[in-house]
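2 protein chains.
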Amino acid sequence: MRVKVTLDPDDMPRNWYNIQHDLPEPLPPPLDPETLKPMSPEPLSRLFAKECVMQEVSTEEYIPIPDGVREAYLRLGRPSPLYRATRLEAALETPARIFYKREDLNPAGSHKPNTALAQAYYHSKEGTKRLTTETGAGQWGSALAMSCALFDIECTVYMTRSAFLQKPYRKTLMEVYGANVFASPSSNTKVGQKFLAQDPNHPGSLGIAISEAVEDCVTHDTTKYAIGSVVNHVLLHQSIIGQEAVEQMKMFDAEPDYVVGCIGGGSNYAGLAYPFMREKLRGKSDAEFIAVEPKAVPSTTRGEYRYDFGDTGEMTPLFKMYTVGHTFQCPPIHGGGLRYHGKAPSMSMLINKGYMKSVAYSQNEAMDAAITFARTEGIVVAPETSHAVRATIDLALQCKQKNETKNILFNLSGHGLLDLKAYEDKMSGSLVDYAPDDATISRALETLPKVS
Amino acid sequence: MRVKVTLDPDDMPRNWYNIQHDLPEPLPPPLDPETLKPMSPEPLSRLFAKECVMQEVSTEEYIPIPDGVREAYLRLGRPSPLYRATRLEAALETPARIFYKREDLNPAGSHKPNTALAQAYYHSKEGTKRLTTETGAGQWGSALAMSCALFDIECTVYMTRSAFLQKPYRKTLMEVYGANVFASPSSNTKVGQKFLAQDPNHPGSLGIAISEAVEDCVTHDTTKYAIGSVVNHVLLHQSIIGQEAVEQMKMFDAEPDYVVGCIGGGSNYAGLAYPFMREKLRGKSDAEFIAVEPKAVPSTTRGEYRYDFGDTGEMTPLFKMYTVGHTFQCPPIHGGGLRYHGKAPSMSMLINKGYMKSVAYSQNEAMDAAITFARTEGIVVAPETSHAVRATIDLALQCKQKNETKNILFNLSGHGLLDLKAYEDKMSGSLVDYAPDDATISRALETLPKVS
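First to last, the sequence lines map onto chains H and L. Residue 1 is where the first sequence starts when you use the numbering used here, and the numbers rise one by one after that. Residue 1 is where the second sequence starts when you use the numbering used here, and the numbers rise one by one after that.
Chain H extracted, bound-state conformation (with noise of 0.2 Å):
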């Protein structure tokens, strides 16, 4: 039986597809920080590549991959196989068929190169000397530090305190690429100086980490700002994954029944999943579309879907999102790409008309599935995907009670080398679930803007 397909190199596809072509309305526009009015996309050119910028508001179906990001992609383990998990399905005895997109193969163990690849690559042709950006668990600064080096860019990150000091080698990671690597809050922005005058061992939140990383950006000269989530044109680099399993699901002869990914900002499972929204959206497919989220921080299950800030400084615009509130306090659950309060604006939309759902697990209940999945499998899973993981298995059971043979696929957005403290505290039984209550989601929400 088959149980991988790759793509030849010259296969790789040669476009991103961009959602903002198919979606059932315009999306709302970003606010103004200040003003609270929407605002057009040339201030961002101050933080983003003007490229990207572009992107951002482009609704082009395709927007060409340059060959600079194709040499990059092809370099650092693009295509990525398409596995089908036939030991995990004899295991769970299901006739679903289960497939998962290899995301974890690339040097910096997940996704987040698909786009810190290109933003990096403009960035050296509009001439950027520095970028600044945030990371809560690592993975984007990782990618990040990674891209830079390959583009001769300097890079100073802004790591959440709680993660410099629990995953130092995430740390060490980025300093072998070359970056600078700074416990968020620090004393380098006005923001971080605020936030540690209140407590000097505040553990950081990535909402802080994001106004230091943006401070820092708009006053130096010659340095831009790359972000690894939520915008548009994150998610547009991000379709990458989804337009090469269009294809490979093609040489498994299967379709996809069900699409399934976790969902901190967004882009690993929007990657994933447009490429085959595409087509539900022009009424041709009835695949259903599983995004899933921790439990801790449930924006797209508990939270509400309106205008919010994307940091805790209240530096960038507002978007129209599912949000818990740039206040709510993210609990400190291994996931942390998970640990976001807002979801992506155009799925925050799909989600919100219907197009897609979402689910919501502890990080107990997804970390048993990653052990299942490695030992069938063999593959260590991260943290933030053993929450697909958990859905796929659940789906699978389902198929199983109601006999359906249908098909599954999931993002195997990133590897879990670097957080086997989730496995070890899952092993010995002291992983802590967490779930705000309903006043503390509240509260947070209070302190939105009101904007009608």
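These are computed hints drawn from the structure, not numbers from a lab. Each hint should be verified, as a subset may be incorrect.
With a cut-off of at most 25 Å between alpha-carbon atoms, the simulated BS3-like pairs for lysine-lysine come out as follows [as the list claims (entries may be wrong)]:
#, chain 1, residue 1, chain 2, residue 2
1, L, 4, H, 4
2, L, 353, L, 320
3, L, 320, L, 50
4, L, 421, H, 421
5, H, 320, H, 37
6, H, 194, H, 280
Given the structure of chain H, go ahead and fit chain L onto it with the hints provided.
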């Protein structure tokens, strides 16, 4: 410019290549550890799978890869891509062309599954219920634990106590795959108890861990022992690396002038080198073969070619090989996979007869090259592999000096994501170099039995 070639899964080689078919003379026989007389292979089947014992003494040129092993190879990263290091070449300003074979792209992160999967497969066919083994840095233990999970065999790993304490996540990884991991010396075995009596905090050694794994095997029914390097059948299984690389170098339209790899027991380098060595042994190639060892354990550069035990406890057969003596205390270098007193008998013969050269580097020299490699090619290699990178860079710089366009091929035997401490120590300037003095080596060699 082409940077990567892949093989279609259907084009994965169907045979392992057996160097014993082409060696200039038969390998000297192993000696019985009690009588010091040549031993027949039959007693080895108390330890190894019967099929592996037959392979151990076979002189057939090719041995077919069973379908069950092929399927596991396909699932877990094979065929692996071959890359051209164009960015490293540019950084070195060398006219040489540098190629590398990726053995880091499977879930265990090194070449070790090539034989772990094969051994576990044969054992599952022969009804083995439990496998014991030793591990130092943990690559081998991880590979066997993963393979045992896939073939439903219990797995017991004796891990040198120093690594057990220094690399807790390698232990976690093995446990994720369901293995039982013990710090060695342990109280499970008589030999372990002996060393614990000398020192309750004994740091252990690979040689002691081998003795424990063998004792655990021979004192328990339905239990066999799996081995990660040195012996013929392991090197045979690793030949899949070179079998693929031979085809892939043709796709690059290039023949290697230099074939480079690091050596601990010798298995990753033999895996890449032997299918190319085949041509040299038949007078059809002038390629140079460079085996790279650590200065801390200089078996081939400062040891002797003579009979020695495979383990510290003197329980294994004696092999004729390059050795610094089985009582030699290997210094605590990060590249734990290179901390072994002896080298594979076939490789030792090839070095002794001048078909291969060997060189030695300190870990600072090696890790320096690893950082250059990460910042140019994007890949963080294992500390073991860094020795091969160092030799490759030095060859490329020689080519620059002589203005020679040579092709250098090296084996990227594993990634360094679970060894980032080595990078941290290098970057902070705290990496210690070790080189035993002559008296230390002489003392260890003096303890060897005198065999004609």
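Each hint tested on the structure:
1. L/4 x H/4: Since the Cα atoms of residue 4 of chain L and residue 4 of chain H sit roughly 19 Å apart, the hinted pair holds (cutoff 25 Å).
2. L/353 x L/320: 14 Å, holds
3. L/320 x L/50: Within the cut-off at roughly 23 Å; holds.
4. L/421 x H/421: The given pair, whose Cα atoms are some 16 Å apart, holds under the 25 Å limit.
5. H/320 x H/37: It holds: about 13 Å lies between the C-alpha atoms, which stays within 25 Å.
6. H/194 x H/280: Not OK: residue 194 of chain H and residue 280 of chain H at ~47 Å, beyond 25 Å, violated.
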